[in-house]
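Q: The listed protein sequences derive, respectively, from chains A and B. Letter by letter, the first sequence follows residues 1 to 299 of this note's numbering. Letter by letter, the second sequence follows residues 1 to 299 of this note's numbering.
Treat the hints loosely; a few may be bogus.
[Stated by the list, open to error] Once the Cα atoms are required to be at most 20 Å apart in a straight line, the calculated DMTMM-like pairs of lysine to aspartate or glutamate come out as: (1) A:K59 to B:E56; (2) A:K59 to A:D16; (3) A:K142 to B:E251.
Worth flagging that the hints you see were computed from the coordinates, not collected in a lab.
Number of protein chains: 2
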Amino acid sequence: MTLFTGLSAFPLTPADDGGQLKPELLQRFLERIVAAGVDSIGLLGSTGGYAYLMPEERKRTLRAAVECVAGRTPLIVGVGALTTDVAENLARDARKAGADGLLLAPMSYQPLTNEEVFRHFEAVAAAGELPLCIYNNPSTTKFTFSPDLIARLAELPNVTAVKMPLPADGDCAGEMQRLRAVTPEGFAIGYSGDWGAKDALLAGGACWYSVVAGLLPEPALALTRAAQAGDAAEAERIDDAFAPLWALFREFGSFRVMFAMAEILGFGPITPPGPILALEPASRERVEVALRPPLQVAG
Amino acid sequence: MTLFTGLSAFPLTPADDGGQLKPELLQRFLERIVAAGVDSIGLLGSTGGYAYLMPEERKRTLRAAVECVAGRTPLIVGVGALTTDVAENLARDARKAGADGLLLAPMSYQPLTNEEVFRHFEAVAAAGELPLCIYNNPSTTKFTFSPDLIARLAELPNVTAVKMPLPADGDCAGEMQRLRAVTPEGFAIGYSGDWGAKDALLAGGACWYSVVAGLLPEPALALTRAAQAGDAAEAERIDDAFAPLWALFREFGSFRVMFAMAEILGFGPITPPGPILALEPASRERVEVALRPPLQVAG
Chain A
1 MTLFTGLSAF
11 PLTPADDGGQ
21 LKPELLQRFL
31 ERIVAAGVDS
41 IGLLGSTGGY
51 AYLMPEERKR
61 TLRAAVECVA
71 GRTPLIVGVG
81 ALTTDVAENL
91 ARDARKAGAD
101 GLLLAPMSYQ
111 PLTNEEVFRH
121 FEAVAAAGEL
131 PLCIYNNPST
141 TKFTFSPDLI
151 ARLAELPNVT
161 AVKMPLPADG
171 DCAGEMQRLR
181 AVTPEGFAIG
191 YSGDWGAKDA
201 LLAGGACWYS
211 VVAGLLPEPA
221 LALTRAAQAG
231 DAAEAERIDD
241 AFAPLWALFR
251 EFGSFRVMFA
261 MAEILGFGPI
271 TPPGPILALE
281 PASRERVEVA
291 LRPPLQVAG
Chain B
1 MTLFTGLSAF
11 PLTPADDGGQ
21 LKPELLQRFL
31 ERIVAAGVDS
41 IGLLGSTGGY
51 AYLMPEERKR
61 TLRAAVECVA
71 GRTPLIVGVG
81 ALTTDVAENL
91 ARDARKAGAD
101 GLLLAPMSYQ
111 PLTNEEVFRH
121 FEAVAAAGEL
131 PLCIYNNPST
141 TKFTFSPDLI
151 ARLAELPNVT
161 AVKMPLPADG
171 DCAGEMQRLR
181 AVTPEGFAIG
191 YSGDWGAKDA
201 LLAGGACWYS
211 VVAGLLPEPA
221 LALTRAAQAG
231 DAAEAERIDD
241 AFAPLWALFR
251 EFGSFRVMFA
261 MAEILGFGPI
271 TPPGPILALE
281 PASRERVEVA
291 LRPPLQVAG
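Whole structure, please, built from the sequences with the hints as guidance.
A: Set out below in structure tokens:
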């Protein structure tokens, strides 16, 4: 099994009002994830709010994570940035600090061309010298990867995986077949979008890059293992328990819901980075309800 | 005449490969703009690459600009950032450093709600205590302002103007009529999108937020003054001279074309911040041609 397979859990990065990491709380999230036995940790992904943290704070976050999980669970770290310089610097730092792999999203301000994204990935993958997963997340980066560009990137040294958004037509199997035809043997095609993870895994997706596993790693792992074993009925059963939460992820964005979940699960007051607002009390209550009977994780 | 009226010229922020400002070159751009007699300078706008610079570099850029233009041309500075903290900090710094006004774009990673954008603007406008223009630039921020949200923001202290993108239907007059109906008397509605500036100004737009005026302030000012005087024929004549350049702005994005223009105009080697690539030689040659016969600014 390679680095970018199975269940990858994406923790929040807890910070105070001034944007300073709360390392102890991060380590509590990580301990829970490690204890569940997930396949990897996706530190400083979109859920980890990498886009909202200064480079120095991201480096500090990585060190706090390595201190906690090194030798126990493989650590993948997001190194995306608006400039190539900063992303290269973060990629070099990630290797130095002891990360196992990189996630790279083409963050953008001016819309990027395919050639710009290719050269950016080429530079960052070379700087990092670690296995790198293409972080294909059009809803946040506003960049859409064509299959041709993924194929081109998959030929670069170190680029060994892609994290895909759920296809608009829901047909993960068809999409993977098309991508496998143009990427090297062993290139790992995984999915994000928690509400479609069950179908993506049952269709043969290599990895579930999971937001919810950042806080609820156990049921997420049970779903993953059932789907990997081809037990569709059990995977459906667990996915059904998550359904009310998936509905809230889609309504409010999983990032906002995860902050509410962390509080509900007893991790104390933790707020998203402004301008992102915490959920209103009425919406927060709906999160509490979604966690209760089906998942039985909140009182 | 208030701050956000007439012609606002948006200079590039020249930096070396490591992202460090070249202050002398910035000041050469600014001298040219001041000498032309434009109404204001839009420092660190999208053309000024604010999104690609670290906060400290932005503060340094503002100081280099103030040193050059203070007391000569009003200085508006972009303070947009992915977090409210950073934008507030930049807004406070802008006032301290001597800026005359602020531009605020709702940069985003997680897509923002209307309420999040409202609270963000409320916080930054309060921190800055300077006249603030809503920087409505959906192609880079991926946030679309509704007329209702603009109306709500226009009630906030310090929020006195909006910089609109060209309307999809081309009807600036109709759009302004609808916005004037919901915004306070004196709220200034201006436009960006250089290829539509002539029409926007002739329709009564308060301001042209101009990319091209960052390097070619004289013809841009002539166009502005003709349109302000209602001389449609003269405005059309100058706009026609710009037409080949507008076509390139639309094809490659004005940001990339401006870097080529700066070199062609003799400002020496200057490259966009990676991942943005300089134009290919063949495209750069087309820029040179566009500057030659119609605008007569390049040999």
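Q: Against each hint, give a clear statement of whether it holds in the structure.
A: Quick rundown of the hints versus the structure:
no.: 1; hint: A:K59 to B:E56; in the structure: 18 Å, holds
no.: 2; hint: A:K59 to A:D16; in the structure: 16 Å, holds
no.: 3; hint: A:K142 to B:E251; in the structure: 19 Å, holds
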